Amino acid sequence: MIQLSGIQRVFQVGDQEVHALRDIDLSIGAGEYLSLMGPSGSGKSTLLNLIGLLDRPSAGLYRLDEHDVTGLSDEEQAQVRRDKIGFVFQFFHLIPRLSAAANIELPLLLAGVPAEERNSRVARLIVDYGLTGRETHRPDQLSGGQRQRVAIARATVMQPAVILADEPTGNLDRATGQEVMSILEGLAAKGVTLILVTHDPEIGNRARRKLRMVDGRIVADQRA
Amino acid sequence: MKLTDVLRFASGSLAGARARTLLMVAAMAIGVAAVVVLTSLGEGARLYVVGQFSSLGTNLVIVLPGRSETTGNPGMLLGETTRDLTLDDALSLTRSRAIRRIAPLNVGSALVSTHKRNRETPVLGSTADMLAIRHMSMGQGHFLPGGDPRQATPVCVLGAKVKNELFGTQQAVGEWLRIGDRRFRVIGVLASQGQSMGFDSDELVIVPVASAQMLFNTSSLFRILIEARSREDILRAKQDAEDILAKRHEGERDVTVVTQDAILATFDRILRALTLAVGGIAAISLAVAGILIMNVMLIAVSQRTQEIGLLKAIGAAPGQIRVLFFAEAAVLSLVGALAGLVLGFMGSFVIGSLYPLLPSTPPWWAVLAAFATALGTGVLFSVAPARRASRLDPVESLARH
Numbered sequence: 001m002i003q004l005s006g007i008q009r010v011f012q013v014g015d016q017e018v019h020a021l022r023d024i025d026l027s028i029g030a031g032e033y034l035s036l037m038g039p040s041g042s043g044k045s046t047l048l049n050l051i052g053l054l055d056r057p058s059a060g061l062y063r064l065d066e067h068d069v070t071g072l073s074d075e076e077q078a079q080v081r082r083d084k085i086g087f088v089f090q091f092f093h094l095i096p097r098l099s100a101a102a103n104i105e106l107p108l109l110l111a112g113v114p115a116e117e118r119n120s121r122v123a124r125l126i127v128d129y130g131l132t133g134r135e136t137h138r139p140d141q142l143s144g145g146q147r148q149r150v151a152i153a154r155a156t157v158m159q160p161a162v163i164l165a166d167e168p169t170g171n172l173d174r175a176t177g178q179e180v181m182s183i184l185e186g187l188a189a190k191g192v193t194l195i196l197v198t199h200d201p202e203i204g205n206r207a208r209r210k211l212r213m214v215d216g217r218i219v220a221d222q223r224a
Numbered sequence: 001m002k003l004t005d006v007l008r009f010a011s012g013s014l015a016g017a018r019a020r021t022l023l024m025v026a027a028m029a030i031g032v033a034a035v036v037v038l039t040s041l042g043e044g045a046r047l048y049v050v051g052q053f054s055s056l057g058t059n060l061v062i063v064l065p066g067r068s069e070t071t072g073n074p075g076m077l078l079g080e081t082t083r084d085l086t087l088d089d090a091l092s093l094t095r096s097r098a099i100r101r102i103a104p105l106n107v108g109s110a111l112v113s114t115h116k117r118n119r120e121t122p123v124l125g126s127t128a129d130m131l132a133i134r135h136m137s138m139g140q141g142h143f144l145p146g147g148d149p150r151q152a153t154p155v156c157v158l159g160a161k162v163k164n165e166l167f168g169t170q171q172a173v174g175e176w177l178r179i180g181d182r183r184f185r186v187i188g189v190l191a192s193q194g195q196s197m198g199f200d201s202d203e204l205v206i207v208p209v210a211s212a213q214m215l216f217n218t219s220s221l222f223r224i225l226i227e228a229r230s231r232e233d234i235l236r237a238k239q240d241a242e243d244i245l246a247k248r249h250e251g252e253r254d255v256t257v258v259t260q261d262a263i264l265a266t267f268d269r270i271l272r273a274l275t276l277a278v279g280g281i282a283a284i285s286l287a288v289a290g291i292l293i294m295n296v297m298l299i300a301v302s303q304r305t306q307e308i309g310l311l312k313a314i315g316a317a318p319g320q321i322r323v324l325f326f327a328e329a330a331v332l333s334l335v336g337a338l339a340g341l342v343l344g345f346m347g348s349f350v351i352g353s354l355y356p357l358l359p360s361t362p363p364w365w366a367v368l369a370a371f372a373t374a375l376g377t378g379v380l381f382s383v384a385p386a387r388r389a390s391r392l393d394p395v396e397s398l399a400r401h
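Sequences listed follow chains A and B, in order. Under the numbering used here, residues 1 to 224 are what the first sequence spells out, in order. Under the numbering used here, residues 1 to 401 are what the second sequence spells out, in order.
Source of the hints: derived by calculation from the structure; they are not laboratory data. Keep in mind that this is a model prediction, so the values were computed, not measured. Heads up, none of these hints are tricks.
SDA-like, lysine to any residue: derived pairs with alpha carbons at most 25 angstroms apart:
#1 A:K84 to A:G31
#2 B:K2 to A:R121
#3 B:K2 to A:A102
#4 A:K84 to B:V323
#5 B:K2 to A:E135
#6 B:K2 to A:G112
#7 B:K161 to B:G174
#8 B:K2 to A:R138
#9 B:K2 to A:P114
#10 B:K2 to A:L98
#11 B:K2 to A:S73
#12 A:K84 to B:D393
#13 B:K2 to A:D74
#14 A:K84 to B:G319
#15 A:K84 to A:E116
#16 A:K84 to B:D5
#17 A:K84 to B:Q306
#18 B:K2 to A:E117
#19 A:K84 to B:P318
#20 B:K2 to A:A111
#21 B:K2 to A:E116
#22 B:K2 to A:V113
#23 B:K2 to A:M158
#24 A:K84 to B:K2
Same shape as in the complex, but just chain A:
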């Protein structure tokens, strides 16, 4: 489903070149549950952004669903992101002025889905993620766990094939983190490809496939 070959990502910092990713070759099948671990600055977030089409490689080829997506225009990439990829962030990134329901609805809005269908899909997710009674609350009226559940609902509302989660539990206490993890793993169990960036080994080791990165290279690829 995801095929990376010879991926390089070079940043220019002043007059120095920083190699965030070096020669990444990686193939991820549909429905895989995979964790990306490694020290800070090892390139795991860069790789995740690249897979999520938020960033472009300096060199190499990225094929998503058998299509080369490296050469797509910004507009085309936005459409691929909208339809196939869902993001979950450490800091939730909910829009503060919008209610929980409106935040979840946002991708549908951008996709131009009719209001009726939007409402029914959002209503279902609110029930699924235990947010009943909170749909009109704004993010600052929600707890951390509730906020992340809203964020996950937003990431899944377009029923994407891939969920990319960057430290989804990094801003939550242990119990809430477990709760969020079980929601994400529930998605993986339903066949969604789940890629998780974390530096918490306890979380990372739950994945069926574990990648370890150091200095922009994949140094270990373990399957359970």
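The hints should help you fit chain B onto chain A, whose structure is shown.
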């Protein structure tokens, strides 16, 4: 993305930043209101002048002695005086079929006195037809008698104010008074009309034209007023007047004949240009409002980088981000323009009630132009912020907390 959703989203983010939104709406509203109020003042002045001209009379053609030439005429330089207009000139004009009636006009100033009081007053010499031509009406008594205009009958008609000053509340009609060194009998008092074209008929004394010529010891006329038979006849009346007078003046075209329409058209043009100029100046404040909008939108973009990054991450294309910011500017300008219209109409209403003489309604084209300019500048000046937003790097904007 659907238009209603775009508008709802844009309105939502505007409502989210209330102080900023109010500020920009106020700036826009003041600009639009300025255009509306100032153009309504200009338009009011124009309508006022037009009204004043109409009160002078309808289908009016005016003959002036002398001729202003645009081609070189050595006459002026050589000290050649223009030929006088005479009473016979005036009377000869009635031959034209296009001319309904004429009134010769003589103007001077004289001391008017009763046995108790006196005052210096403009004195007008004319004929019976002047009443009809100038649309004047009588308060008491009669206007000048008809008959041969060459006859210097010692009668006079007083303006309302002159009557009050000379006779107070007493009966004036039938009394005698003295104008210069001659005695006249008051046969009528004009109804009070107020000013028209700076010519206050309330402060006039009107005598037969022959009497005025004697009084001021002159045989020439100041003006000849002509009333054409109809609106269509105005040009023919003008042509006829020029021809008849040229024939009488040995073929020389030494009078100037102007139509009221021409004067009116000139004033109309001048005042319209003035209204446009004033409106244009006011429109500058709209441009200033536009720059303010740009500034505040740029701030909004940098304040909302995270939101923009997120929108991109969940699939908003650069074009959609631009549309969202455009929509915000458009909604903002629309609300501002509407508020400005309300403000402007209220302002011109207040001016209208303070100065009832000025018909103060903003012209429809100015209202439309102000509205369009407001929307236009709003959207135009949001191009730069919208572009900046659409070009933000999503990874970077999401990394900032």
